[in-house]
Amino acid sequence: MKKIIALVVGAIILIAASISLSGKENVKVGYLLVGPKNDGGWSMRHEQGFQSLTKYGHKVSGIEMAPEAEAAKLLGKLARKNDIVFATSFGYMDGMVKAAKKHPDTIFMHATGYKGNDTNMDNYGCMSYQARYLTGIAAGLMTKTNKIGVVGSHPIPEIVRNINALTIGAQSVNPNIEVNVIWINSWFDPPKDMDAAKALLDGGNDILYTTTDSPSVVVVAQKAWKRDGKEVWSMGNDAPMGLNGPDRYITGMMFHWSGVYKQLVDEVAAGTWKPNRRMNLGLKQNCVALSPWGINVPGKVVNTVETVKTTWLDDELDDFYPFSAGVTKRDGTKVPADTIKRRELDTMNYFVQGVVGAL
Amino acid sequence: MEFFIQILIAAVVMGTPLLFATLGGVISERAGVINLGMEGLMLVGALVAFVVMLNTENYFYAVAAAALASGLVSIIHGVVCLMLRASQIASGLALTFFGTGLSGLFGDKLTGETVEPLSRIPIPGLHAIPVLGPVLFNHDVLVYFSYICVGLSWWLLYKTRLGLNIRSMGEAPEVCDSLGLSVMGYRFFALIVGGMLVGIGGAYFPLALTPFWVDGITGGRGWIAVALVIFAFWDPVKALGGAYLFGLALALELRLQVLGIEMSPYFLKMLPFVLTILVLTLVTIRNNRRGIQVMPAALGKVFFRGEKH
Chain W
1 MKKIIALVVG
11 AIILIAASIS
21 LSGKENVKVG
31 YLLVGPKNDG
41 GWSMRHEQGF
51 QSLTKYGHKV
61 SGIEMAPEAE
71 AAKLLGKLAR
81 KNDIVFATSF
91 GYMDGMVKAA
101 KKHPDTIFMH
111 ATGYKGNDTN
121 MDNYGCMSYQ
131 ARYLTGIAAG
141 LMTKTNKIGV
151 VGSHPIPEIV
161 RNINALTIGA
171 QSVNPNIEVN
181 VIWINSWFDP
191 PKDMDAAKAL
201 LDGGNDILYT
211 TTDSPSVVVV
221 AQKAWKRDGK
231 EVWSMGNDAP
241 MGLNGPDRYI
251 TGMMFHWSGV
261 YKQLVDEVAA
271 GTWKPNRRMN
281 LGLKQNCVAL
291 SPWGINVPGK
301 VVNTVETVKT
311 TWLDDELDDF
321 YPFSAGVTKR
331 DGTKVPADTI
341 KRRELDTMNY
351 FVQGVVGAL
Chain X
1 MEFFIQILIA
11 AVVMGTPLLF
21 ATLGGVISER
31 AGVINLGMEG
41 LMLVGALVAF
51 VVMLNTENYF
61 YAVAAAALAS
71 GLVSIIHGVV
81 CLMLRASQIA
91 SGLALTFFGT
101 GLSGLFGDKL
111 TGETVEPLSR
121 IPIPGLHAIP
131 VLGPVLFNHD
141 VLVYFSYICV
151 GLSWWLLYKT
161 RLGLNIRSMG
171 EAPEVCDSLG
181 LSVMGYRFFA
191 LIVGGMLVGI
201 GGAYFPLALT
211 PFWVDGITGG
221 RGWIAVALVI
231 FAFWDPVKAL
241 GGAYLFGLAL
251 ALELRLQVLG
261 IEMSPYFLKM
271 LPFVLTILVL
281 TLVTIRNNRR
291 GIQVMPAALG
301 KVFFRGEKH
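Line by line, the protein sequences are chains W and X.
Everything in the first sequence is counted per my numbering, starting at 1 for the first residue and increasing by one.
Everything in the second sequence is counted per my numbering, starting at 1 for the first residue and increasing by one.
Hints in this document: simulated from the structure, not taken from any laboratory.
Treat the hints with caution; some may be incorrect.
No more than 25 Å apart at the CA atoms, straight line, and that leaves these computed lysine-lysine pairs for DSS-like [said to hold, decoys possible]: (1) Lys55(W) <-> Lys301(X); (2) Lys59(W) <-> Lys274(W); (3) Lys59(W) <-> Lys238(X); (4) Lys284(W) <-> Lys274(W); (5) Lys73(W) <-> Lys28(W); (6) Lys300(W) <-> Lys115(W).
So the derived list for chain X, only partly shown, Cβ under 8 Å to chain W, looks like this [said to hold, decoys possible]: (7) Ser119; (8) Pro122; (9) Ile123; (10) Gly219; (11) Gln257.
Using N, Cα and C, we set each Cβ at its ideal position, and we do this for glycine too.
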């Protein structure tokens with residue numbers, strides 16, 4: 001009898017051990033969003049990515065509109081309850097480094113930054129400049145004033161290289177392009193967004209871009225056309241924004257985070273997650289894409305852009321294109337081909353020729 | 001020159017919601033009730049205006065509903081700090097968080113919806129005046145209504161018996177009480193009227209500035225209005241100047257960049273608040289020398305009937 005009990009107990013211990021070794025079936029995921037989860041842009045795309053995990057039985061819990069200054073505290077709070085914690089804004093970076101040190105048993109993933117450690121923190125990002133470059137081609141083909149306006153959020157490397165990418169894209173089909181940038185120094189301030197868009201409009205820009213998290217420029221372009229008959233077009237940011245101004249919408253860069261998040265959480269479940277990978281995904285991995293074309297965009301423009309996109313998907317263009325082809329800085333210095341790699345992109349702090357605006 | 005005028009036009013547009021909110025704050029604080037809940041009231045006004053506009057496509061209904069809703073929410077503040085005599089500061093702050101949450105909760109489903117913004121109606125004759133015409137007389141009706149509200153508030157506060165009584169409530173409620181005036185009644189009145197104006201300020205966001213719904217649509221302008229009430233020394237006419245000055249700071253931040261003038265955005269962002277502290281300090285020093293008291297003496301003080309002060 002004793003032997004049987006011992007056997008049963010042993011079997012139970014073995015099964016339990018093997019379960020815990022093979023990781024967890026249901027991963028608990030925590031995350032920080034910088035804006036409201038329904039901002040219609042950046043934060044909404046992340047929220048949708050995280051929510052898609054619930055289909056696979058994972059538990060997700062997030063904090064929206066989390067102040068960047070409180071990142072360390074909030075991430076610590078999430079770390080106590082979750083297996084993996086994501087922070088989805090550049091400004092959370094240093095807070096996450098601190099939190100990761102304090103909570104060695106939780107895995108930390110930081111979006112759009114460049115810091116990590118050797119045990120439990122890594123970063124990930126999307127090569128959004130690839131899609132920006134493509135939208136730039138469309139903008140270059142469609143502008144009549146040769147002036148493109150950008151409502152800029154914060155002058156950080158990711159935004160700077162996106163503006164450079166769209167400028168190079170536009171110049172590739174129209175060498176006379178001037179790109180005007182107004183910084184609003186906020187990710188989310190709708191009234192200021194609108195005012196900046198109007199200021200760009202007053203300045204003669206007929207294609208409006210935004211790098212902030214709300215669809216202001218799309219609305220401004222639609223109204224300017226409907227009300228004042230102005231020939232203005234808009235580009236979306238982060239999410240499909242065509243519904244906010246269907247008649248004057250061209251396309252836009254947009255994110256798909258669900259694939260990245262599923263992969264990372266599956267790794268945590270399987271116990272195979274590793275640091276020091278600095279995942280960087282682009283058009284080919286479908287992390288970044290073009291949002292659906294506007295109804296009034298000429299077919300020729302769509303064809304031209306989609307053709308370039310296909311060459312990219314077919315591996316004829318490398319991951320760092322257009323920067324890998326070399327660029328000319330605003331001050332005239334030339335950066336030769338094949339010198340701009342991940343590190344140079346992560347720290348890009350100069351505008352290319354053709355961009356007008358403070359930096 | 002054209003560029004200069006554009007900046008001034010933007011300053012008026014950006015200043016208009018601030019002006020409504022500041023007038024509302026002035027009226028309630030003149031009666032002795034501090035309202036730190038302005039950001040919340042603005043958000044409630046903005047949400048209600050947007051919803052009503054979406055369903056009725058009638059600007060008048062939208063503005064009226066916003067005023068009504070914010071007026072109603074102000075009653076909560078009144079009940080807590082006038083009837084139950086809790087701290088006005090705490091109640092006001094709670095009101096802000098309440099309004100922020102409420103607008104987020106009910107606005108959740110509205111994200112992405114758009115409305116037709118108010119159109120500009122140039123005032124015949126006046127809009128042709130150089131500089132002043134385009135800057136002041138080529139706007140939407142709510143901007144004109146804000147001019148009227150400045151005049152009305154001034155007239156109400158300084159030219160009517162009602163206004164005198166309201167101001168007295170903020171200076172010496174115990175005296176008013178001994179004269180048989182209802183302190184609670186007048187303070188409630190001022191608080192609700194003030195709240196309605198703040199709500200109209202909130203309505204200006206979805207009806208004119210950002211004709212779509214996003215959470216946190218006011219971008220924290222309610223807090224600027226809190227500072228503006230002090231900056232304007234509880235005076236409706238000074239509120240006009242203050243609101244446009246702050247509007248100018250908001251407009252400049254973007255347009256200086258177009259001119260290629262580099263100025264730290266953080267400096268411009270803090271400018272309204274620095275100005276408020278500066279003006280408050282300077283004017284208070286001057287007034288102390290002359291023995292003038294500008295701040296309503298009983299502002300924020302809980303009034304207990306029959307208690308000696």
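Checking against the hints above, which ones are violated?
1, 3, 6, 8 and 9
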